[in-house]
Amino acid sequence: MSPADTGSALPSIQVTALNTLSESRGSIHDDEKAREMGYRGGLVPGVTVLAYMTRLMGEAYGRDWAIGGSFEGVIRRPVYEGDVMTVTGEFRATGEDGEQVHLEVHDPEGNVCAIGEARTPAPRSASGSAS
Amino acid sequence: MTASLPPLTEETAAPGTRLNSYDRTVTRGDIETFLRRTGEGIEAYLDDDVLTVPSGLLIGFYAPLIHGTFHYEAGVHVSSDLSITRLPLADESLRVGGEVLRLFEKNDNKYVTFSVEVDTAGGERLARIEHTSIYALRKKGS
Numbered sequence: 001m002s003p004a005d006t007g008s009a010l011p012s013i014q015v016t017a018l019n020t021l022s023e024s025r026g027s028i029h030d031d032e033k034a035r036e037m038g039y040r041g042g043l044v045p046g047v048t049v050l051a052y053m054t055r056l057m058g059e060a061y062g063r064d065w066a067i068g069g070s071f072e073g074v075i076r077r078p079v080y081e082g083d084v085m086t087v088t089g090e091f092r093a094t095g096e097d098g099e100q101v102h103l104e105v106h107d108p109e110g111n112v113c114a115i116g117e118a119r120t121p122a123p124r125s126a127s128g129s130a131s
Numbered sequence: 001m002t003a004s005l006p007p008l009t010e011e012t013a014a015p016g017t018r019l020n021s022y023d024r025t026v027t028r029g030d031i032e033t034f035l036r037r038t039g040e041g042i043e044a045y046l047d048d049d050v051l052t053v054p055s056g057l058l059i060g061f062y063a064p065l066i067h068g069t070f071h072y073e074a075g076v077h078v079s080s081d082l083s084i085t086r087l088p089l090a091d092e093s094l095r096v097g098g099e100v101l102r103l104f105e106k107n108d109n110k111y112v113t114f115s116v117e118v119d120t121a122g123g124e125r126l127a128r129i130e131h132t133s134i135y136a137l138r139k140k141g142s
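Here the protein sequences come in this chain order: H and R. The working numbering puts the last residue of the first sequence at 131; the count rises by one with no breaks. The working numbering puts the last residue of the second sequence at 142; the count rises by one with no breaks.
One chain only, chain R, in its complex shape (with noise of 0.2 Å):
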């Protein structure tokens, strides 16, 4: 699929170019997934039953947001600056959205800095992320 999706350069990818947003609900069993990367057990964000999204799991929905706007390989995600105005619940029905902030090279890599809002499916924003990645990255060494 993502092969039909245009190149991320600096013609297809200017400040201020909307990503294409997507629908996300995530489940238990993709908050226990994340828990086993980070080593965390589920307890600390169950409470009377109800499931709380862990906020570090918010800073991967950036992934969908570009690889599904644009086409590049060799992606290398460099920083996230976080501010969360409410957790989301498992099983809430969200939107993620952003757009792309700015282009810039250094040391021969090519970045691309972008925003990530995520609201429930009634508007509410819930947490706003700006995430930098390599969409381009030099041979190591060269």
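Next comes chain H alone, as it looks inside the complex (with noise of 0.2 Å):
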């Protein structure tokens, strides 16, 4: 796989999802004030979510891959406890302004529920040891 392609993927990676503020009473987080508010459960904290998607660049390119880059992600949807979320990356563009790679999460019915534009520093290899 060549990262240098515009629309090659990255490996993607599978993660199965922890709703770690489930215990915040009246929070959003917690099944029965979700319930209330018309969800299937509680939601799995968005940072959470995020985090999904810069591990998946911390493993393309190195833990490093954001001093100097940027990552920018946005929920589009719930995600429950227990889901497996598939996270996938695909390389967008190299320039000078360093490589640019479109990240989104799926849930298991296929739907995207975050997506994320992150930008590396500088041109590298997404062998995973650009660290």
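These aren't lab readings, by the way, just hints derived from the structure by calculation. One or more hints might be untrue.
Simulated restraints on C-beta separations [unchecked claim]:
{"hint": "1", "chain 1": "H", "residue 1": "Thr86", "chain 2": "R", "residue 2": "Asp23", "range": "13 to 23 Å"}
{"hint": "2", "chain 1": "R", "residue 1": "Thr12", "chain 2": "H", "residue 2": "Ala93", "range": "14 to 24 Å"}
{"hint": "3", "chain 1": "R", "residue 1": "Ile42", "chain 2": "H", "residue 2": "Val84", "range": "16 to 26 Å"}
{"hint": "4", "chain 1": "H", "residue 1": "Thr86", "chain 2": "R", "residue 2": "Ala121", "range": "38 to 48 Å"}
{"hint": "5", "chain 1": "R", "residue 1": "Leu5", "chain 2": "H", "residue 2": "Thr6", "range": "43 to 53 Å"}
{"hint": "6", "chain 1": "R", "residue 1": "Leu5", "chain 2": "H", "residue 2": "Glu23", "range": "18 to 28 Å"}
{"hint": "7", "chain 1": "R", "residue 1": "Glu92", "chain 2": "H", "residue 2": "Gly38", "range": "35 to 45 Å"}
{"hint": "8", "chain 1": "H", "residue 1": "Thr6", "chain 2": "R", "residue 2": "Tyr22", "range": "35 to 45 Å"}
With the Cβ distance kept under 10 Å, some of the chain H side facing chain R (calculated, not the full set) [said to hold, decoys possible]:
{"hint": "9", "residue": "Val15"}
{"hint": "10", "residue": "Ala17"}
{"hint": "11", "residue": "Thr20"}
{"hint": "12", "residue": "Ser27"}
{"hint": "13", "residue": "Ile28"}
{"hint": "14", "residue": "Val49"}
{"hint": "15", "residue": "Tyr52"}
{"hint": "16", "residue": "Arg55"}
{"hint": "17", "residue": "Glu59"}
{"hint": "18", "residue": "Trp65"}
{"hint": "19", "residue": "Phe71"}
{"hint": "20", "residue": "Val74"}
{"hint": "21", "residue": "Ile75"}
{"hint": "22", "residue": "Pro78"}
{"hint": "23", "residue": "Pro108"}
{"hint": "24", "residue": "Val112"}
Which stretches of chain R does chain H cover? Using the computed rule of at least three CB atoms under 8 Å from a CB of chain H, they are [claimed, not checked]:
{"hint": "25", "segment": "53-62"}
{"hint": "26", "segment": "106-118"}
Built from N, CA and C at the ideal position, the CB exists for glycine as well.
Dock the two chains into a complex; use the hints.
Written out as structure tokens, the structure is:
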């Protein structure tokens, strides 16, 4: 796989969602409150879902990928405890500003629950050794 | 404790309102807990026994900042825009501050965007994050 090809995919990962704030009574992460608000159950915290995408970037580019780069993530749909989420990355462009990667987090039904745009500080290999 | 804090409203959270800063030291235990959530191993963050804080963990620094300034219950994190100058190290003393940038409404939900600045105790800027959260969520389907 050559990440230099626009549209080429980074190796995807799977993560079983864990609602770490399920005990936060009265919050949207609490099953009871979330059901009252019309959701299936407590929502997995958005920060946790966004971190699935930073994990993918770390595995592709090394832990220091974000230094001098950037990451912007947006939550689109709720993520629930126990769902196996698939995280994908698609290489978009290389320039003087670095490499741009489009990221998505999918639920088991294939819905896109979060999207992200990441940029590394400078062109480098996505072999996982560039830390 | 949060019940004594003011509610987050247009009046209490005007753009420019500073958020109550706090000190934070990320321990190895914090990092291990975070990595369990994302399914990662710790090895990728260890270098000659020096442990680096994962970039994704910094995104969560917003919570004590906003929830230590305002009281609201059904908040939903919507987006984060993260810029990092240097990753903190485990056990490094950090100071986290920020301010309200804007409030807006969309689809009957009320949103707040605020900045989060992560500095060392000595004042070195390590990261800046812009967060947007829903602070007043409409009932689904309403």
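Hints, verified against the model:
The hinted window of 13 to 23 Å between Thr86(H) and Asp23(R) is violated, with their beta carbons roughly 37 Å apart. The hinted range of 14 to 24 Å is not satisfied by Thr12(R) and Ala93(H), whose Cβ atoms lie roughly 42 Å apart. About 22 Å separates the C-beta atoms of Ile42(R) and Val84(H), a value consistent with the hinted range of 16 to 26 Å. At roughly 40 Å, the beta-carbon separation of Thr86(H) and Ala121(R) lies within the given 38 to 48 Å, and the hint holds.
In this structure the hint that Leu5(R) and Thr6(H) lie 43 to 53 Å apart at CB holds, the actual value being about 48 Å. For the hinted restraint 18 to 28 Å between Leu5(R) and Glu23(H), the CB-CB distance of approximately 20 Å keeps it satisfied. Against the hinted window of 35 to 45 Å, the Cβ-Cβ separation of Glu92(R) and Gly38(H) comes to about 42 Å, which satisfies the hint. A C-beta distance of roughly 42 Å is found between Thr6(H) and Tyr22(R), which places it inside the suggested range of 35 to 45 Å.
The interface hint given for Val15(H) holds, since its Cβ lies 5 Å from the closest Cβ of chain R, which is under the 10 Å cut-off. The beta carbon of Ala17(H) comes within 9 Å of a beta carbon in chain R, closer than 10 Å, and the hint placing it at the interface holds. The restraint placing Thr20(H) at the interface with chain R holds, with a minimum CB-CB distance near 6 Å, inside the 10 Å limit. Taking 10 Å as the C-beta cut-off, the interface hint given for Ser27(H) holds, the closest approach to chain R being about 6 Å.
A hinted interface residue such as Ile28(H) counts as satisfied when its beta carbon comes closer than 10 Å to some beta carbon of chain R; here the least separation is about 5 Å, so the hint holds. Below 10 Å, beta-carbon pairs count as interface contacts, and Val49(H) has one with chain R at about 9 Å; its hint therefore holds. Because the beta carbon of Tyr52(H) sits about 6 Å from the nearest beta carbon in chain R, less than 10 Å, this interface hint is met. For Arg55(H), the interface hint holds, the least distance from its beta-carbon to any beta-carbon of chain R being 5 Å, beneath 10 Å.
Hint status for Glu59(H): holds, given a least beta-carbon distance of 8 Å to chain R, under 10 Å. The interface hint given for Trp65(H) holds, since its Cβ lies 7 Å from the closest Cβ of chain R, which is under the 10 Å cut-off. Evaluation of the Phe71(H) hint against chain R yields a held restraint, the C-beta minimum of about 4 Å falling below 10 Å. For Val74(H), the interface hint holds, the least distance from its beta-carbon to any beta-carbon of chain R being 4 Å, beneath 10 Å.
The beta carbon of Ile75(H) is positioned within 10 Å of a beta carbon in chain R (closest approach about 5 Å), and the interface hint is therefore held. Given hint, Pro78(H) at the interface with chain R, holds; its Cβ is 9 Å from that chain's nearest Cβ, closer than 10 Å. Taking 10 Å as the C-beta cut-off, the interface hint given for Pro108(H) is violated, the closest approach to chain R being about 16 Å. At about 14 Å, the closest approach between the beta carbon of Val112(H) and any beta carbon in chain R exceeds 10 Å, and the interface hint on this residue is violated.
Counting residues of the segment 53-62 of chain R whose beta carbon lies closer than 8 Å to any beta carbon of chain H gives 7, which meets the minimum of three for the stated coverage. Against chain H, the segment 106-118 of chain R contributes 0 residues with a C-beta closer than 8 Å to a partner C-beta. That does not satisfy the three-residue criterion, and the hint is violated.
In summary, the structure is inconsistent with hints 1, 2, 23, 24 and 26 from the numbered list given earlier, while agreeing with the others.
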